[in-house]
Amino acid sequence: MGSVTASETPAMATDPKFIFFTDFDGTITTADSNDYMTDNYGFGREKRAAGNHDVLTGKVNFRESFEEMMDSIDMPYDQCIQVLRESVNLDPGFKEFYDWAQANNVPIVILSGGMQPIIRALLDVLLGPGWNIQIVSNDVAARDGKSINEKGGWRITFHDDSIHGHDKSIEIRKYSSLPNRPTMFYAGDGVSDLSAARETDLLFAKAGKDLVDYCETEKIPFVTFRDWTSITQTCKDIAAGKTTVEAAAKGRI
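Counting from 1, position 72 in the sequence shown corresponds to residue 72 in the numbering used here; the numbering is continuous, with no gaps.
The hints are simulated quantities; they were obtained by calculation from the structure and are not laboratory data.
The beta carbon of each residue, even a glycine, is placed where N, CA and C say it ideally should be.
Treat the hints loosely; a few may be bogus.
[Said to hold, decoys possible] Mimicking SDA-like on lysine to any residue, the simulated pairs with C-alpha atoms at most 25 Å apart in a straight line are: (1) Lys151 <-> Asn40; (2) Lys17 <-> Thr183; (3) Lys174 <-> Thr157; (4) Lys47 <-> Gly208; (5) Lys174 <-> Asp15.
[To be verified] Label-pair restraints from in silico Cβ distances: (6) Lys95 <-> Ala240: 18 to 26 Å; (7) Ala31 <-> Glu150: 20 to 28 Å; (8) Phe43 <-> Val125: 21 to 29 Å; (9) Ile135 <-> Arg198: 16 to 24 Å.
Between the sequences and the hints, there should be enough to build the whole structure, so can you do that?
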């Protein structure tokens, strides 16, 4: 890619040695907000699971599958946000990681296939006002002649034109192309993370989720996590020089 400007790499503003990119839904949170809405207010869990399988096997792309999921939800958007604020919880280890990252100049960048207003609303609840995390994600818009806060009134708008809807590799490569770039981490769990899986120095893949199977099939180095407690310890050890990103990629543990 061509030269990258400072405005395209805001996480470099403090000249960090490490940057942590992460998925949001089902990674920072214990449940995926989009899955929750689809299962309870859209076309249901069975059809969603079948769509995820089709993405993993290459039958359809993520953009097509995810748009179909979101289109099946006709609940007004403000009601969606309220339901999720009451239903979605923070991973039990993430707050400790967030505090460590803030204290040690490790920027956190959320790369999400979800929608920015929901992510912001949930972070306000889960971390409290004033959180310091960059978000790069999809968004939401009103359907023609409607408001997002009426039944059937909203639709997802994708971050880019790729088959992923949001190709997370594009954002990561802005940083990996830099001279003297920082060490980069990524954490994820599912089909929205396939575009990011090969792009960082160490990949944390949530145990028991689709991303683990994908990495094993594609022979992509990774290490599993069950919650952010192990991620925090691994990052601390790498930052202190006690281990390396190569040694930390232990696969299923």
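Against the structure, the hints come out as follows:
1. Only pairs whose Cα atoms come within 25 Å are accepted, and Lys151 paired with Asn40 is accepted, the gap being roughly 15 Å.
2. Annotation: proposed proximity of Lys17 to Thr183 holds, straight-line Cα distance about 6 Å (limit 25 Å).
3. This hinted pair checks out: Lys174 and Thr157 have alpha carbons roughly 22 Å apart, not beyond 25 Å.
4. Distance restraint check for Lys47 and Gly208: the Cα-Cα separation of roughly 20 Å lies within the 25 Å cut-off, and the hinted pair is therefore satisfied.
5. For the given pair, Lys174 sits about 15 Å from Asp15 by alpha-carbon distance, which is consistent with the 25 Å threshold.
6. At roughly 21 Å, the beta-carbon separation of Lys95 and Ala240 lies within the given 18 to 26 Å, and the hint holds.
7. Under the hint 20 to 28 Å, the C-beta atoms of Ala31 and Glu150, about 26 Å apart, fit the expected range.
8. Restraint check, Phe43 to Val125: a C-beta distance of roughly 27 Å satisfies the suggested window 21 to 29 Å.
9. Against the hinted window of 16 to 24 Å, the Cβ-Cβ separation of Ile135 and Arg198 comes to about 22 Å, which satisfies the hint.
In this structure, none of the earlier numbered hints is contradicted; all agree with it.
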